[in-house]
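Using the sequences and the hints, build the whole thing.
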Amino acid sequence: MKNAIETYERYLSKFPAERLTTFNCPSCKKQLKDVLNKGSFDWDSMAFCPYCQNHYFKVTKANNGAILTTKADQDD
Numbered sequence: 002m003k004n005a006i007e008t009y010e011r012y013l014s015k016f017p018a019e020r021l022t023t024f025n026c027p028s029c030k031k032q033l034k035d036v037l038n039k040g041s042f043d044w045d046s047m048a049f050c051p052y053c054q055n056h057y058f059k060v061t062k063a064n065n066g067a068i069l070t071t072k073a074d075q076d077d
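Under our numbering, the first residue of the sequence shown is numbered 2, with each subsequent residue one higher.
Each computed EDC-like pair below joins lysine to aspartate or glutamate, with the alpha-carbon atoms no more than 16 Å apart:
#, residue 1, residue 2
1, 59, 74
2, 15, 35
3, 62, 35
4, 34, 10
5, 62, 43
Bear in mind the hints are in silico, worked out from the structure with no lab data behind them.
Laid out in structure tokens, this is it:
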């Protein structure tokens with residue numbers, strides 16, 4: 002797990018703070034950061050929490066919008 006957290010933190014360190022936004026992992030509720038979407042189309046992806054190791058679906062709204070998340074396994 003330490004390797005996943007280090008990789009995540011190394012990725013975030015490439016961006017200035019004003020390019021990042023925060024959201025919570027839908028499983029462990031840990032606060033995460035990701036790059037703001039400055040474009041005009043939403044981004045969607047399957048993502049991975051480096052802290053709890055769970056996958057989740059993520060939509061990063063366009064025009065510097067919010068990040069919306071949903072657990073990948075809704076049975077939890």
